[in-house]
Structures are given as C-alpha cells and as structure tokens.
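Q: Now for the letters of each chain:
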Amino acid sequence: MNLTLKVWRQPNTDAKGSFVNYPAQNISPDMSFLEMLDVVNEDLVKKGEDPIHFDHDCREGICGMCSLHINGRPHGPKQAITTCQLHMRSFQDGQTITIEPWRATAFPVIKDLAVDRSAFDRIQRAGGFVSVNTGGVPDANAIAIPKPVADEAFNSATCIGCGACVAACKNASAMLFVSAKVSQMALLPQGQPERYKRVQAMVAQMDEEGFGSCTNTGACEAECPKEIKITNIARMNRDFFTAKFFKQEEA
Amino acid sequence: MKLDAKIPEGPLAEKWSKHKFNLKLVNPANKRKYTVIVVGTGLAGSSAAASLAELGYNVKAFCYQDSPRRAHSIAAQGGINAAKNYRNDGDSVYRLFYDTIKGGDYRAREANVYRLAEVSVNIIDQCVAQGVPFAREYGGLLDNRSFGGAQVSRTFYARGQTGQQLLLGAYSALNRQIHEGKVEMFSRHEMLDVVVVDGQAKGVVVRDMVTGEIETHAGHAVLLCTGGYGNVFYLSTNAMGCNVTAAWRAHKRGAYFGNPCFTQIHPTCIPVTGDHQSKLTLMSESLRNDGRVWVPKTKEIAAQIREGKVKASDIKEDDRDYFLERKYPSFGNLVPRDVASRNAKEMVDEGRGVGSSGVAVYLDFADAIKRLGEDAVRAKYGNLFDMYYQITDENPYKEPMRIYPAVHYTMGGLWVDYNLQTTVPGLYALGEANFSDHGANRLGASALMQGLADGYFVIPYTLGDYLATIGPKAVDEKHPAFAETKKAVEDRIQQLLSLKGNKTVDEYHRELGKIMWEYCGMARSEEGLKKAKKMIQDLKADFWKNAIVLGKNEEFNQSLEKAGRVADFIELGELMIDDALDRTESCGGHFRIESQTEEGEAKRDDEKYAYVAAWEYKGEGKPEALHKEELKFENVKLTQRSYK
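Protein sequences, first through last, are from chains H and C.
The opening position of the first sequence corresponds to residue 1 in the numbering used here, with each subsequent residue numbered one higher.
The opening position of the second sequence corresponds to residue 1001 in the numbering used here, with each subsequent residue numbered one higher.
I should point out that these hints are in silico values taken from the structure, not numbers from a laboratory.
Take these hints with a grain of salt, some might be off.
Which stretches of chain C does chain H cover? Using the computed rule of at least three CB atoms under 8 Å from a CB of chain H, they are [unchecked claim]:
no. : region
1   : 1022 to 1028
2   : 1193 to 1202
3   : 1243 to 1254
4   : 1379 to 1393
5   : 1469 to 1477
6   : 1588 to 1598
Capping the alpha-carbon separation at 25 Å, the derived lysine-lysine pairs in BS3-like fashion look like this [as the list claims (entries may be wrong)]:
no. : chain 1 : residue 1 : chain 2 : residue 2
7   : H       : K197      : H       : K247
8   : H       : K47       : C       : K1500
9   : C       : K1632     : C       : K1622
10  : H       : K46       : C       : K1327
As the structure is a computational prediction, the values presented were derived from the model and not from experiment.
The C-beta atom is built at its ideal place from N, Cα and C for all residues, glycine as well.
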C-alpha cells in the first residue's frame, strides 16, 4: 500500500503547529497503524529529519498511552479498539490519512501528536480511591458482593484513561472518564463510606482543569475504545446531586 | 565481596515472623525525616510508594510514562495466585511454596519463596479493600480458577485484565498519598543513574523527558521497581518503553546482576508477520485449558498449508499430531511454559510449522466448541478471540489459532538478599527487576503476586531496618558524588547525540534481538553462544560509530531516549551470553542442548549448578566477575521435573 499522511507537527507546547505531508510507501496491510508510523519515522531518521513524536507503550490496547485522532476520529475508524490495535487493512491504497493530536484545552500539546493528560491524574488524586492503608483489612471474602454488581463495577473499571472521550466531545468534556471511576467505587460496598465526598471532589477538580460540560451528545460513548457506557454519567450525576442536595455534610 | 543472602535462622514457616520481629523499627516521629526514592510505578513501585508513604516516610516516585497508571503491569491478563484455599481443594501456603520452587526448577531460594506464598493471602484482602473488582460467583464470593497447570484453583482474576485492575488499585493508593502530600510524583522522567556516596545509594539522576533537564534527587534509600529486560530480544510481549537502563546503571555502580540468562519464553503468542513487527501479543495461558496444540504429522502436509493449498480445518484427524498430548499424556496441553515453548520450536525446526512463515503451531478450539458450544467458549475467551481476530484478520471460531512462543518475562534481575537489598547498601530491587523468587522458570499468575508482595508486605518492614541503622540525618546533596554522577550522565548524552552515522537505533535493536533470539533464546549451545558474544561485541563497537541520534537534549527527544536504552541493552546482552555460557546445565527456561535427557528433556545438574550466578561489573571492556550464592534446600527434595 502507498498512502499520504497529513500529520500535525508542533515542536513544543508554545510553538505554532501545522500540517506536514509525508508519503508512506510499501506499507503492508498486516502492519498496525503505529508500525506504519515507525516505518515513516525510520525513513525520516535516515534523512536526518526529526521523527514524528507520538505517545505509545504497550501496543496491546490496555495502557491507554496511544492517542491519535485519525481522519477526525479518536483511535481511528474502527469501533472499540485503540490506535495501537488498528491495522492498515482498515485503509485503502492511495488514501490520504490525517493524523492529529487530541484537541482539548485541558490536554496541551507537548510535541507533535503527544499531549499532556496529567489533568486525568489530578482528578483521580482528588478522590478516586478508597482510604485504606496497607494491612489491617478484612478477609477478602468477608463481604459478599452480588455478581451483577461486581461485574458492573468491573465494566466501569476497564477505562484505560486514554482521553478519547474528551477528544471526541465537542465540549471537550471529561464526564465519561470521571464517571467511570466514580461509578466503580459507588457500586462497590468498599466505596460507600466516601461515596459523596469522592464525587464532589472529583467533579470539582474536573471543572478546575478546564474540561467542558456534558451536553449528552454521546460521542464519548461511541468513540470509547473500551465501550464505557454513558449510563456511568447518569450514575455520577445522581450521586453528585444527592450530595449537593441532601448529603453535603458527608463531604 | 562475599554474598550474604541474610536468610533468617529457624524453621521455614517461622523465618519471616521471627525476622520481622528482629528488624529494627523507625520511631514514628522520625519517619517524616526520611526520603525514599521509588523508580517505576508498576505493581511493585506503586504499592511500595503508597505503603511507605502511609507509614510516614516522604517518597519521591518516578516513571517514564505520562502517568503512573500505564506501567506495563497493566497488561497482565491471567490472574494472581494466592494460597487462600477458598475452594477447599487442598491448597496451602506450603503447597504454593512447593509448586513455585518446583516450577522454578529448584533455582530459587526456599526462604524467599515461602515468604511470598505466606503473604499472598494478604494481597487479595488488600486489593478487595481498595475496590478491585475481582471476578465473583453468584453467591457473591470470589471466584478462582486453575491456571498454568496447577492442580488446585488458587488464581484470582478480573476477566482477562487482572494486571490492569490490580495496578489501578495500587495506583489509587498511590494517588491518595500524592493527594496527602506524602508522595511527590514525577511522570515522564527517566532514571539514568544512581548516586552512590561512600558505598551507599543516596540518590538518582533523572532526565525530564519533556524539557531534557537533568536533575538529581537525594534520598535515604533508592528502590528500583523498574521491571524486566525482555526487550533485549527486540520482539517481546513487553511494552515498547520497557528497558533495562535503571537496573543496568545500578549494576555498573556496584549492584550484582543475578541469573541474567533466565528468561521466560511464553508459549502462546501471536506469531510474527514481518520485519515491520514492533512487538508481540500474548494470548493468555488460560487458552490451553480448552485449546489443543497440534501440527501436521508430515512435512509435506505442513508445506501445503504454508503455500495456502489446504486449510487447517481440512486436515484429517489422522494427519494431525497433538504433540503435547502425545509426549506428556498426564499433563497434555497444560505442561509448564518452558516445556510447551520448547516443543513448539522443535516442531517448527522439524519443518512441520504452519502459517505462511512456517513459524507457528496450531491452538485448536474445534473440540471445545463441539463439547461446550460456541457461546460457552465465547463467554470464557471472547476478549482473547476478538484480539486475535483484530490482529490476524482470521476467525478463531472457524480456523485454529496460530501461535508461537515469545519472550515474556525475565526471571533474572538485580541480585537481592532476603531484605530485597542489592549489593549496594540502600539500593533495593523489587518485582521483576530483582532475580529472587521464580528460579529458572516462573509459574503463571505469580508475577503479579510477587510485585505486590514485595511492595505491600516486604519492603515496608525490611527498609525500616536499614533506615533505622543509618539514621535520619538529611542527605547532603552538595556531596561531590551528586555533581559527578550528573556530569557522567550529561557526558554520555552528549556522546550519544554526537552519533551522526548511517544506521538507525531501531536497526541496531532489531539486530541485537535477532542475535539474542537465535543464540540465547529457547535453545542455547556453547558454540552458538560464543559466536553470539563476538557478534554483540561487534555490534556494540559499530553502534558507537555508526548510529544516528538526532536532535538535542533540551527537548522531547524520543530518538535520544531510544538510543540510550538500546546502548544498555547491547551491554546486557553480552552479560546474558556470559551467564548462559557459564551454566552448562539445562534448567527451566534455560535449555543447553548439551545437557538433555535421553528423551530430549532439560537435564539439571544439581551437583554443580545449584547456585545463583551473581555478576559483578568490573569496568569498561573487562570481563565481569562471577560470584556464586549456593542454594540450600532444607525442605524440598530435588527431583527431575516430569510432566509425562
């Protein structure tokens, strides 16, 4: 396959970026999208040109580090996979592919296609935990948890924190990400003691980071590589309003 | 220096309890006067950083990823072992200990492994309390499964994402301590050296990967939780960024390297498709519970498959060789990882491999689908089948999977004593970064257990003893060792940046990987290893002449990052070869073709090789010195492993 890449290049956060075209030649359909970029980069390095910088690590769809906006969609054209799991057989010979970083005020570009997602870490630090120290906890089977509840908490917990939800949202809202973590804890008995304090702290931090509001368009759910459900947002809203209207004293 | 493993006296089951009592404690009011540096935030690093901060120490934690949550522990699929005996099926701390020692082919320390089995039960309690959503049964209690051929069901799991859920639990504990101000977190920072003051580790030199700034950080102790070095093979199931640099620099500063040649080759990975391949994807070992491994009986049929003339499903039952079931009737497809891998290689070497490259064997679910129904198979393995389909574009419900072994884990690592301290006082190694618990072969679902055991339940005790001994006096960052080490790091970076040759760093890495895979992979011979040693030396010389490293230090520079890591991998590769040459026996994942039984199985030599090889760096261009820690087995009887 021979393709044309239209890639966002930006030397650093403060610099002005622009699109640069690169040919990608002799690409095998069996390559992953990132392997295709490796090939292009190796050519660039041989020519003495700065390779295209992008974040990636595990390359098996679980670490959440890869993050490309491909032809206008986070993680590219396919459903329920990350960029590292996207293969070139999903594209056509001769196609032009536009590659951009996540676009959101709260995710400033560091270089080229790599962005700073530390806002997500700060939201989790604000309350995304159960306050237990190591040691002195009850036996793991001391509390029975109904299987449907445990499964639902697990579904929420599979979020990989990649930021595709933010990148997909016209408001750059982080509601899907935040609600997934809030839900996991709110569903489990272990999360109950701090349930209302947690939701308020995490939402407050989310707002402070400059993410937009949710207007229920559902783009986040459609683009999430882990198929995190928008019902998490409803659950978070319920807890948030419960906290604000009835249980603020618990915060 | 004489190696002292500091194994406590007394009966096996009482060693850890007694040792904990004998360890010195740090006064609660003094704990806040200490700073501990933790490098790496996988299971071992996150759990250690959080637990030490909870005790009151100040912690500085570093990771190269953009967030601590992305460390490669996140990718572990199958599960975590614990001797809970929730199933009433005969499990116990002693059985887990015994299985681990035996599975490791008797090349691990009894005392360490027993402690691991002992604290395994606490890990599960801890994770559940943090809100880790393990799989449960309809009654609401935790589910278990049998894993990797174990005869009892002791593996706890969270669908196919156990590592992710455990790491997110440890990450949440870490987050809480960051929030409390007890942990200072440095993401996108790479450790490039250890600062050693008067023989003790007192700090690290790190590079801010965004700005390029070289920083020094002082602490009373340094914990390396930096994972394994499987990427020395270029292709492995490790993440792209996994590297040996932190451990290797520590090694050059005096930390001995233990059993570097002990690497685990996992039998069920998706095969390589071409030169562009950047990494390999593991298919969970649990697939072998229902999948049957086979190749065609004859080379002729295999050739027809390779040429695309016939499909696997067209091959008649009589023309198939279910080689694991044939050779190991009692364990069948569930033989340990090293045995399964070696047999797959044997089939491919015989010319009976399948797939267009011929470097693969089949893992077939047709019988399981017939027996259980497609829906039941989907419920069990759906996510793995989807992943396979995504990567290969082949439907495993219709045609058998193609699998081949790939480098997955490194049992070797920095040598540590019972307290997890390396040969440099104040420098500790936890998790996969140390050599300690898995001997020559790791059992499935034991890596997660060891990472969390070290971080949650071992280091909080053993580190206190050292800290109490040295006292809380602040570390003097003005000591010349800090400036000198920083200068050495800066000089090396400049040296790398001055390389303006004609070969990319990736090309060197691929070449190194090919050498290691060919000569220090699943089968090793004296002749091959000697040849490989020369090849690596040549590669190193060529690298420092002809590599291309672009850009400058003061920027986000992935070209520079990669170059530094590959340079270290090349040096490590040579040490692995030396270690493999020294050990003329076969054991676990280390198969020397000169040492096999009549049936072609690995043959250990307990008389001569029941030791840990600990290598000491002697300076640039000099051969490393081998120190031996004799392994004493007081509780288990050494037997030749048999899975027939």
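Q: Are the hints correct? Go through all of them and say.
A: Hints and how they fare:
1. 1022 to 1028: violated (count 0)
2. 1193 to 1202: violated (count 0)
3. 1243 to 1254: violated (count 0)
4. 1379 to 1393: holds (count 4)
5. 1469 to 1477: With 0 residues in contact (Cβ-Cβ under 8 Å with chain H), the coverage given for the region 1469 to 1477 of chain C is violated.
6. 1588 to 1598: violated (count 0)
7. K197(H) to K247(H): holds (9 Å)
8. K47(H) to K1500(C): holds (11 Å)
9. K1632(C) to K1622(C): Outside the cut-off at roughly 31 Å; violated.
10. K46(H) to K1327(C): At roughly 50 Å apart (the allowed maximum being 25 Å), K1327(C) and K46(H) break the hint.
In summary, the structure is inconsistent with hints 1, 2, 3, 5, 6, 9, 10 from the numbered list given earlier, while agreeing with the others.
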